[in-house]
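Student: Respectively, the protein sequence lines represent chains A and B.
With the working numbering applied, the first sequence corresponds to residues 1 to 591, in that order.
With the working numbering applied, the second sequence corresponds to residues 1001 to 1159, in that order.
Source of the hints: derived by calculation from the structure; they are not laboratory data.
Careful, some of the hints might be misleading.
Stated by the list, open to error - Partner residues aside, some chain A positions facing chain B, computed with beta carbon under 7 Å:
(1) R100
(2) L102
(3) V138
(4) A184
(5) P188
(6) A189
(7) H505
As the list claims (entries may be wrong) - From the structure, some residues in chain B lie toward chain A, with a derived Cβ separation under 10 Å:
(8) A1024
(9) T1030
(10) R1109
All residues carry an ideal CB built from backbone N, CA and C; glycine is no exception.
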Amino acid sequence: MRENGYAPIADYAVIGDGRTSALVARDGSIDWLCLPDADSPSVFGAILDAERGGSFSLRPTEPFETTRQYLEGTNVLETTFRTSGGAVRLIDAMTLYPPRQLAPSREVVRKVECLEGEVEIEWGVAPRFDYGRRHGRVGLRAGRVFFTERSHALALSVWGAEPKARGEIRLRRSDEVLFSLVAADRQPAILPGRTDTEHRLEHTIAFWRDWSEDKEYVGRWRDAVIRSALVLKLLVYAPSGAIAAAPTASLPELIGGPRNWDYRFAWLRDATYALDALLTLACPSEAHAFFWWLMHASRLTRPRLQVLYRINGGDRAPEQKLEHLTGYRGSAPVRVGNAAVGQLQLDVYGAVLNSTWLHATQHGDLGGETGRAVAKIADYVAMHWREPDCGIWEVRSERRHFTQSKVMCWVGLDRAIKLARDGLIPDRTARWVAEADSIRAFIEEHCWDEERNSYVRAADTRELDAALLTLALVGYDEPNGSRLRGTIDAIRRELGQGPLLFRYHGEDGVAGEDGAFLACSFWLADALARTGRRDEAADLMDELVGLANDVGLYAEEMHSTTREFLGNFPQALVHLALINAAFSIADAQRS
Amino acid sequence: MTLLGALAGGFVGTLVLTTGLRLAQVLGLTRMDIPLLLGTMFTEDRAWASVIGYAFHFVNGQLFAIGYASIFYAVDESGWLFGMALGLVHAGFAGGALVNILLPAIHPRMGTRWTDAKESPLLEPPGFMLSNYGRHTALVTIVGHLAYGAIVGGFAAGL
Chain A
1 MRENGYAPIA
11 DYAVIGDGRT
21 SALVARDGSI
31 DWLCLPDADS
41 PSVFGAILDA
51 ERGGSFSLRP
61 TEPFETTRQY
71 LEGTNVLETT
81 FRTSGGAVRL
91 IDAMTLYPPR
101 QLAPSREVVR
111 KVECLEGEVE
121 IEWGVAPRFD
131 YGRRHGRVGL
141 RAGRVFFTER
151 SHALALSVWG
161 AEPKARGEIR
171 LRRSDEVLFS
181 LVAADRQPAI
191 LPGRTDTEHR
201 LEHTIAFWRD
211 WSEDKEYVGR
221 WRDAVIRSAL
231 VLKLLVYAPS
241 GAIAAAPTAS
251 LPELIGGPRN
261 WDYRFAWLRD
271 ATYALDALLT
281 LACPSEAHAF
291 FWWLMHASRL
301 TRPRLQVLYR
311 INGGDRAPEQ
321 KLEHLTGYRG
331 SAPVRVGNAA
341 VGQLQLDVYG
351 AVLNSTWLHA
361 TQHGDLGGET
371 GRAVAKIADY
381 VAMHWREPDC
391 GIWEVRSERR
401 HFTQSKVMCW
411 VGLDRAIKLA
421 RDGLIPDRTA
431 RWVAEADSIR
441 AFIEEHCWDE
451 ERNSYVRAAD
461 TRELDAALLT
471 LALVGYDEPN
481 GSRLRGTIDA
491 IRRELGQGPL
501 LFRYHGEDGV
511 AGEDGAFLAC
521 SFWLADALAR
531 TGRRDEAADL
541 MDELVGLAND
551 VGLYAEEMHS
561 TTREFLGNFP
571 QALVHLALIN
581 AAFSIADAQR
591 S
Chain B
1001 MTLLGALAGG
1011 FVGTLVLTTG
1021 LRLAQVLGLT
1031 RMDIPLLLGT
1041 MFTEDRAWAS
1051 VIGYAFHFVN
1061 GQLFAIGYAS
1071 IFYAVDESGW
1081 LFGMALGLVH
1091 AGFAGGALVN
1101 ILLPAIHPRM
1111 GTRWTDAKES
1121 PLLEPPGFML
1131 SNYGRHTALV
1141 TIVGHLAYGA
1151 IVGGFAAGL
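Hey, can you work out the whole structure from these sequences and the hints?
Tutor: Right, here's the structure in full:
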């Protein structure tokens, strides 16, 4: 149910085409779509401002109940509306481009079919260009409704009903209405015909089924793993191979709060988890593309690495507030761009070096230039690990010596040493070994709390941090090490609430609170499995899989008591963590 | 005044015109994409359409340069200013008739004013002075052809 025009975040499902994604609500409204790419301004942004944002609504005119699911093995959504008079099915997809055909470069297809009885449906297409700043012009040409604004155009084709931006039609059993919304940016629009549109929809369904069919996971959470893989595939920006953290911007970490960030960028931090997940899922081409995107995007700044890059590889992401938008349920400010781009976060170096190692274990070769660049990154870690940083959670308070950052620096040097010993990068191991030993000594002396029997959030503090669960994931300590087990228990005890975990309770320089961070819960399941507690891990995993919305998606966070989704949606890191946890538990059960 | 000069001017002028139109696209001033419009007469493959379209546009540029040279010889007058005047006429013809009426008539994949949603697949029809591709398209087209005409006229007159 909508509240003041806003649907709960969990009411959304995502469709996409590998360039951009749309969010479709349970009531049939597309409330988020950026064009032409995921990081472009929105044309449908009602999720961030119900009045000004723009949407494409499509629903019965009478009261209705909804059930929905993705067509099996696809990113094509099926929503069934039941009214007192009958039932209609709505299929939503962003179509994929068949080879060697003149097809629209971006297209949303919505197909409505009456299953039984009689149902009157209504639709309304109201694009608002440039994050709701511009209405554009509306006109009828070539039998289509055109919405134009400067170099952007949207063309709505309707078959089975009148071509209008807003309309109603009564459907009887077997009646169909097909909508195609085509976008053109700086090019003439390609105006599809009905037969071609139907073919493209079939081609799209067939592609997704082929893609998901051969994913290698056999276990009790197969549906969740495959859905997560399909979400990740949507978040891969196909032209470059980058993985966006989420397709949305500024969905709040607490309703009404100011923690609203733009996640339509590729974070280097996610690289470790992404490579791991893609390789174990048998997605070698996506893993390969992502690694090379990583190397290509960082070329301009290496050996210094940015925290995030644009999905097209650009290195600028200036943050601005969109004062004209009210924000999701009044959660202002709405931010686009991300100021974290300028932060020092040392853990990303470890993530990139670990990814390089993962990639090299599959391919066995890096190439001379890449090898030299990787060695320079390791040198940079050796030189800079003693500096305080903003850490994995991108705090906007004073920089600190975050334990997880130091651990990832150690991981980076450890992987560089392994790569050098395999002859894949220039050998400067003497220095790297010495610095890795120094990092470990620092962590063990300054980042351990004897009383709590746990590593702590930052050097010489007593706070805990759920990010420390990643110590088990990256092999910092022996799986049976008492310090690792003690840390897992302490985090669960002090940061946990049921299956959920808060990231930390300390200062981070931003006003307001946030919810429980879902990736941390999956990291916990993963850590439990890797430390031999497979039954606890499996039980937790069961609970977490049950927290997904009705179509298997997760937002970044969840309210610890109301269980309401919070933050950007769907979030890559959560789905990556789910996949990796499922594989870790399966490995633990096999061993 | 030489034919060779006009042909050289046609080559440089088409280069400038094509680059200028592309720049206008990148700057978001227009959705007009001449290579795509021309190339899709021959293939549905977007990439090949652009390649063929660029080549076709260059050939057209040379043919128009010959036409310009004929006029220069006929009236025994050339120079960048006269070329620019011809460029204005050229722009009016291209936007008002050539691309607006003739191209849709022979283009197998382009819509016309009378096309409806039953037919497919279709490129969006350009409209008068290509105004369907954005309000600034007419201006971009005129400026591009003025530059083309000035270059052909200037080269023909030996600069």
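Student: Hint by hint, which ones does this structure get wrong, listed from lowest number up?
Tutor: 3 and 7
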